[in-house]
Amino acid sequence: MKKLAIYTTVLALCGGAFYAVSAAEQAAPAQPAPEAAKEVVCFESRKGASEVTQRDIKPGWPNVKCSPKTGAALWYGDPYDGTVPMGKMPGLDKIPEGHAVIKPRSEKLALMPMCGVSCHNGVGPQFSPPTLPKGKKPVPLPTMEAMVPDLKDLQHGRGRIWCMDCHHTTQRNKLVDHFGDPISFDQPQLLCGKCHGDKLRDWRDGIHGKRIGEFTSTGKKRWFTCTECHNPHNVQDGARNRGFVQLQPEPSPQLPRGMKDASHEKLHPIPH
Amino acid sequence: MTPNETLPTDPAKEQSSECPVPPMSADPAANVLKTSRRDFLKSGGALSLSSLMGTAALMSQSGDAEAAVEWAEHFQKNYRLMTPAEKAEARLRLEKRYSDEYGKKVSVDTTEAQPGVLMGYALNIRKCIGCRRCVHACVAENNQSRGTKRPGEKIEWIQVLRMERGKFEQEKMNHGYPEGLGIQVGGNAYTPAGAVLEGQYHYNPEKVPEADATYMPIACMQCEKPPCVKVCPVRTTYREADGPVVIDYNWCIGCKMCMNACPYWARRFNLTTPVLPKEEMNPVTHYLGNRPRMRGVVEKCHWCLQRTRHDRYPACVEVCPVGARKFGNLLDPESEVSKILERKNVFRLKAELNTFPKFFYFYD
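Chains as they are written, first to last, in the numbering used here: chain A, 1 to 272; chain B, 273 to 636.
One chain only, chain A, in its complex shape (with noise of 0.2 Å):
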């Protein structure tokens, strides 16, 4: 009974806390309305997972140009737009200091500055016994499944991974590493390369995932971080369930004359 009373509790405040979240996001856009209309945001790799607001370097010359079609940047005037170094990644030395940037997570994730706060504060006797955890093993959710609807059915490891395998137990807005250290949400590399070590292993020689910039060796990147491109709770979506969700193709090439549209060339095979 007083545990429900708790859990009750819990949800309320959390449900609040992100209620009013939600209504602020609303509000925000309709005030400056007329400004915010002309305003160019286009999204880079993962829909929602990254940005760039389009403004001018000098005249004539944007840090960014975005595809009228789908919203897409298609070009970068500026490719370090928005960033701050790294931070220490092993393996990485032979990179003079600053020459590697990212952008960073936090900033996007709208959640984290409450998760420690309003619920999980990793120490608050009211709350200790709910929201730490037993064990790893997986639980049903619905307060976090209401915030995140992608939790609902984790699609990541097909049931043999749970939250804390990525989470910090106490600091909710830090993931986890190996000896239960925390790491920063701008370093999901480190956490995704404690179970894919071959695919940091090319992330980190510029093989696996995507960098911008100068293209020598030694040369001022942008490294995309896993998360820009992979959405770490669900990662078996998209067509071919390897990791990386559908997305709208720009327009397609000129049409020649006598072709009346897309079909024509399924139609028209050329025969063998």
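In case anyone wonders, no lab produced these hints; they're calculated from the structure.
Just to be clear, a hint being listed does not mean it is correct.
Said to hold, decoys possible - Here are the simulated DSS-like cross-link-like pairs (lysine-lysine), alpha carbons at most 30 Å apart as the crow flies:
id: 1; chain 1: B; residue 1: K426; chain 2: A; residue 2: K69
id: 2; chain 1: A; residue 1: K220; chain 2: B; residue 2: K616
id: 3; chain 1: B; residue 1: K502; chain 2: B; residue 2: K622
id: 4; chain 1: B; residue 1: K377; chain 2: A; residue 2: K58
id: 5; chain 1: A; residue 1: K260; chain 2: B; residue 2: K439
id: 6; chain 1: B; residue 1: K376; chain 2: A; residue 2: K69
id: 7; chain 1: A; residue 1: K266; chain 2: B; residue 2: K622
Stated by the list, open to error - Covered by chain A, according to a simulated footprint, are these stretches of chain B (three or more residues, beta-carbon under 8 Å):
id: 8; segment: 579-587
id: 9; segment: 591-601
All values derive from a computational prediction rather than experimental measurement.
The beta-carbon is built from N, C-alpha and C at its ideal position, and this holds for glycine as well.
Knowing the structure of chain A, use the given hints to seat chain B on it.
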């Protein structure tokens, strides 16, 4: 050849490619005013004569800055034979002309190949999702013609081929090939046999990747033994010391021999006067790279020379959402392409032709 380029629409062009009697002495001045050196070359045998006459006509009606520019361009040497001073002069001339034409400060870079650099490219064929962002990044960067009205007005250097994933079926085990002709040359349990080999270019689904398809982007492979360079009658296309095969657009006569020779369908022809709106024009250009082209010349991918000569990744590499495109210095063992060649399974397209592309396909 891409399907786009089979459609001559311009009557003037038609005429010149058929090479009728050269319009020798008819009225050179009228002929010359609008056209440039390459048009003379095209009109056949008596080129030196008509060329000289054209120049005379130009000079006589000069005083006009534009004519002076054309006159200088007319006598410009093949880029490779120019002295540094001549290059600088050509550069200033072009910068002025483009700046006036596009209403903004346009720079024409002439940076040479750097020693110790050999550019290379690798594409992860398994990751490509067919979204075509590379195609459009390339257009935004490289000042291609982007008209929509007439065929051939829209030029794209990268083509993304959609290949259907076929399957073998029990029901078709006894189907013959060719169908219904008695003698069979092969079984046909595979669907969709025949449709896949050339790929599809114009696919346009709601979302990519589609479950039943794989995608294969192609563009210039920057061959070490480029067939296009071998056939060029005026030696205007050649391999630069750091790898890319480039074109001196001014020296191109538009004979399209290179387009026929290229086994990768990489070259495009400016059938019409390029449509390049002022506001979309990229003002940072290279002489051998993305400077605006004229009608009647061939163009193709040059690995964004204007960027890569200054260590910047090509535009297509930077926008690929899945990170399938990789670029680097093949001579640097630490570069990403060197690491790929060392560690991954790579192949070259049409390797049997011995063109030795520096563009590699790989997969994890």
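Going through the hints against the structure:
1. Between K426/B and K69/A the CA atoms are separated by roughly 17 Å; this keeps the pair inside 30 Å, and the hint holds.
2. Distance check on the hinted pair: K220/A and K616/B sit about 25 Å apart at the alpha-carbon level, within 30 Å; holds.
3. Straight-line distance between C-alpha atoms of K502/B and K622/B comes to about 18 Å, which keeps the hinted pair within the 30 Å bound.
4. For the suggested pair K377/B and K58/A, the alpha carbons sit about 11 Å apart, so the restraint of at most 30 Å is met.
5. Using a Cα cut-off of 30 Å, the hinted pair K260/A and K439/B holds, with the two alpha carbons roughly 28 Å apart.
6. A distance of roughly 27 Å separates the Cα atoms of K376/B and K69/A; the hinted pair therefore holds under the 30 Å criterion.
7. Distance hint between K266/A and K622/B is fulfilled; the C-alpha atoms sit about 24 Å from each other, no more than 30 Å.
8. For the segment 579-587 of chain B, the assignment as covered by chain A holds, since 5 residues bring a beta-carbon within under 8 Å of that chain's beta-carbons and 3 suffice.
9. A count of 9 residues in the segment 591-601 of chain B with a Cβ less than 8 Å from any Cβ of chain A is obtained; the coverage claim is therefore met, three being the minimum.
In terms of the numbered hints stated before, the structure departs from none.
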